[in-house]
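Chain P is already provided as a structure; the job is to place chain Z on it using the hints.
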Amino acid sequence: MFPTPIQKRSRAAQISYQSLLPVALILWLLPLIAVALFSIKPDADFTTGNYWGWPSSFELFNNYGRVFFESDMPRYLLNSVLITVPTVIGAVALSSMTGFALGVYRFKGNLLIFFMFIAGNFVPFQILMVPVRDLTVNMNLYDTKTGLVLFHIAFQTGFCTLFMRNFIRALPFPLIEAARVEGVAEWRIFLFVVLPLMKPALAALAVLIFTFIWNDYFWAIVLTQGPDSQPVTAGITSFNAQYRAAYHLMSAGSIVAALPPVLIFFLMQRHFIAGLTLGAVK
Amino acid sequence: MAIAADPVRAETARRRGWYKRNEISLTPWLFLLPGILFFAVYVIIPIFQSVWISFHEWDGLGEKQWVGTDNYERLLGIDGTRWVEGEPVVVGTNPETGAEIVQIPMVLETELNPETGEEEVVIVERNMDRKFEISFWNNVKWLILYLLAMPAGLFIALFLNQTVAGIRLYKSLFFFPFVLSQVVVGLVFSWFYLPREGLLNGLLGVFGLGPLNILGDPTLATYGIIAAGLWPQTAYCMILYLTGLNAVDPEQVEAARLDGAKGWRMLWYVILPQLRPATFIAFVVTIIGALRSFDLISVMTNGGPFGSTRVLSFYMFEESLSEFGFRMGYGAAIAVVLFFIMLGFICYFLYSMWRDEKGAR
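Protein chains in written order, with this note's numbering: chain P, 1 to 282; chain Z, 283 to 643.
Isolated chain Z (complex conformation):
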């Protein structure tokens, strides 16, 4: 016997015996270990930490102070008190420049009661944090308008789904805004919108319109930014639909043609049902993209004018790392609200994928 004759191999076989016997059940966990470790430390655990922090007041350096649901009450304005920026406090000096580091704490708004002569906390009826309210409704606008990327992408995909000379280059060039970073897209569009130097107003001028200062106008600025975001997003949806169209069953199309279906009816009853997987992915990435909008706002308006373009993700960042002291507890509370909005969608996505997994077995 070869094995018995080879003492070294026999020895290793004995030592590796336990592992060998359990190899199939152990291997996946060994392969998963590094990935899960990284993912847990940087993604899963921080979600719970954020929830924990949102019940505290914390400047990111000192001790966390437990404040219960105060941050949420302040966000939603439940207890009727109103928070305003208080007196600036000098917390130290910058060792390099010698300049004072000033923090502006948030305090309850008070007013002098003329009868008792004492400062009393102001109680009002409707007092949801204004910035939060604006941010939330801007998020809703983003969600709804961003979905336009899907029909727009489908439209361009249908337009480009031909076989003529050079069509591949056209497809790539239509797609390539998606490859640009959002920062660059933001810059490109903020220059495009410039009242004087911008090409948009140059073109409007030709038709005797304008000039429009889109990013300077509180009523238009958010729509201007969403339009900029739609540019790469439409390109993404387009490429998804082009791939989907490629896989459409030609026999079904021919059969439908013989039955006299064409144009819109063909698209609606024959093509779109076959594009379902592409539509699902386009929906997922568009929703995620809408709720992740941060770069464009930061680059194009920095939340302005007059705070009209803030969304939750931006407002959270602003509060947590603001110039006037880090309000991380409050920021975390905003992030938790955003997380729960997203969680609704995530559950839907996962449910759809789970259904497909079941069907695949």
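With the rest of the complex left out, here is chain P:
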């Protein structure tokens, strides 16, 4: 193990390491702690200049209550859910199929198609922006959640295919061959042999895509406008315009907007990190 395990070092080194950990963490999360502190302060603290002192009163419920009951925030949150969940399902479904095709079969053009998916996944969004916006307008899907979902599914298929294909490549191939010898149809092999083995990959991808899509901002402002279909990342800017300079409310609002992926991450940490670090180890 590298670096040397702290247990093998001197007592002093151990104690200083143990006390350094929380200090480093607080420094690392300092900007966030500041926002969390802001979000429970009363309005009065900002007018009196008490920015960093002890809050003169705790307004946790008051501030967050106003976010939930006096703004469009719940609508934006709902939009985000209605955009994110279908995208996750669509992208995972499409890419488990493409991943299966590219991971199991040998055919001409296999690697070429695989690389097309990877390359497409890396392109800057801006090269797609004008045509995709135009296409969405022409399909009468501008400013709808459907328009955003369709694009997200298509774009995420690139990354998901890379992920799924590499995962399927690592599965024991004799299993598939055995099924073939038994005369099982190929689509049944996919459904009943490969798919059950892919459960960890499906979970990891679902968690990752959820976070990516929830946090998307660029496409939200290119393809939607207004509270009818905008997700919370875009909605937070109009929320902030509504509460200009009311830092306690803006802080509470952004914490609410950020919370769902944070919760998902802490609940599904193992899958999340497994997905993110795929390929980091050979």
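Note that these hints are calculated values from the structure, not bench results.
Where a beta carbon is used, it is the ideal one built from N, C-alpha and C, also for glycine.
It cannot be assumed that every hint is accurate.
To be verified - Some chain P residues judged to face chain Z by a derived CB distance under 7 Å, without partners named:
| no. | residue |
| --- | --- |
| 1 | G120 |
| 2 | L259 |
| 3 | V262 |
As the list claims (entries may be wrong) - Pairwise CB distance ranges, derived in the manner of DEER restraints:
| no. | chain 1 | residue 1 | chain 2 | residue 2 | range |
| --- | --- | --- | --- | --- | --- |
| 4 | P | K199 | Z | W636 | 26 to 36 Å |
| 5 | P | Q225 | Z | P316 | 21 to 31 Å |
| 6 | Z | G626 | P | V181 | 39 to 49 Å |
| 7 | P | G49 | Z | G498 | 13 to 23 Å |
| 8 | P | A241 | Z | T375 | 44 to 54 Å |
| 9 | Z | L319 | P | A170 | 25 to 35 Å |
| 10 | P | A170 | Z | G374 | 55 to 65 Å |
| 11 | P | Q14 | Z | V323 | 15 to 25 Å |
| 12 | P | K108 | Z | W334 | 23 to 33 Å |
| 13 | Z | Y633 | P | A170 | 14 to 24 Å |
| 14 | Z | S454 | P | T48 | 29 to 39 Å |
To be verified - From the derived model, a few chain P residues whose C-beta atoms are all more than 10 Å from chain Z:
| no. | residue |
| --- | --- |
| 15 | V35 |
| 16 | F61 |
| 17 | R75 |
| 18 | L195 |
For chain Z alone, kept in the frame of chain P given last:
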């Protein structure tokens, strides 16, 4: 014979005969079809469409007007003419508010020639689009400084790669800025930097420094935004390196220890070579992240102050969907330039992956 005795099964077998015979070669294409269709319509074809649009002048609604390489010449300032914002033109009224919709077209800069008394197009020597130039150099800054996320992430990973009580929670908490959306990171940091209310200046004040108005200062603003971007990116690199460190071969480490290697030498000659896959992925995601920087700029400064924080992705968006009329042709030209910058990196990534694929067989 069971099959012959069962006419229904025999019939289906005959009908499915062609498919059955070609099942192995057909199945992958059937499975690929929906994915490829989606990907082609929304990703592959739009790339070519953008290139096509970049040779036009287009407001996104009317007819596209072919202008050849004009957009690129304007970007790079090849022909020596200079483009300025012309007289505002009223193009219609907003049906809801009744307000006039005004567009500001870009026109060639002209000046009155005192000898002939006619307006003539100004020709200057160096006239690359200023906004483009600033954006490009800001992109370069992003690319270089963003790479700091890699050593920083490695450093934190080494710091946290211990087995003490509660270390798992520490690892998650160090990682979790990555889960936040860039919009929230942008907001968090713009409040952190506030001259009066910001914690940064509060802390600087303790040491008798400041106050610094980072996002209001054209020389500092870009660095302030990059620092904000480095926060989640470092967390990402950290988790990649932590995973890599987990897989480091303990026998090699022990052997190296017996040979007297430690500290930096151990890290450089024994550990880092084993972290190569993690380093590669960290490099890929950091480069992509640097060139995709848009959200942070949009949220923190909206390109300002005085346009000093624009990058190509932001400038493209601004031109294409600007308040004063959509200049989609020009925007597409900027996007194409950005695309070619990215393409260089994409080719390198794909080449590395292709080499690995070959080695795996």
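Now for the hints, and whether the structure bears them out:
With a cut of 7 Å, the hint placing G120(P) at the interface with chain Z holds, because the nearest CB-to-CB distance is about 4 Å. With a cut of 7 Å, the hint placing L259(P) at the interface with chain Z is violated, because the nearest CB-to-CB distance is about 10 Å. For V262(P), the interface hint holds, the least distance from its beta-carbon to any beta-carbon of chain Z being 5 Å, beneath 7 Å. Checking the proposed 26 to 36 Å range against K199(P) and W636(Z) shows it holds: the Cβ atoms sit about 30 Å from each other.
Q225(P) and P316(Z) have their C-beta atoms about 30 Å apart, which keeps the hinted 21 to 31 Å range intact. The supplied range of 39 to 49 Å is met by G626(Z) and V181(P), whose beta-carbon atoms lie about 47 Å from each other. Hint check: G49(P) to G498(Z), Cβ distance near 20 Å, so the stated range 13 to 23 Å holds. One distance hint, 44 to 54 Å for the beta-carbon pair A241(P) and T375(Z), is violated here, with the actual separation near 25 Å.
A C-beta distance of roughly 27 Å is found between L319(Z) and A170(P), which places it inside the suggested range of 25 to 35 Å. At about 58 Å, the CB distance of A170(P) to G374(Z) agrees with the hint of 55 to 65 Å. For the pair Q14(P) and V323(Z), the supplied restraint of 15 to 25 Å is violated, since their beta-carbon distance comes to about 59 Å. Judged by the Cβ atoms, the range 23 to 33 Å given for K108(P) and W334(Z) holds: they are separated by roughly 30 Å.
Checking the proposed 14 to 24 Å range against Y633(Z) and A170(P) shows it holds: the Cβ atoms sit about 23 Å from each other. Between S454(Z) and T48(P) the Cβ separation comes to about 37 Å, which falls inside the hinted range of 29 to 39 Å. The beta carbon of V35(P) sits about 5 Å from the closest Cβ of chain Z, which is not more than 10 Å, so the claim that it is off the interface is violated. With 10 Å as the threshold on Cβ separation, the claim that F61(P) sits away from chain Z holds: the shortest Cβ distance comes to roughly 22 Å.
Non-interface call for R75(P) relative to chain Z: holds, since the shortest CB-CB distance, roughly 17 Å, exceeds 10 Å. Non-interface call for L195(P) relative to chain Z: holds, since the shortest CB-CB distance, roughly 12 Å, exceeds 10 Å.
In summary, the structure is inconsistent with hints 2, 8, 11 and 15 from the numbered list given earlier, while agreeing with the others.
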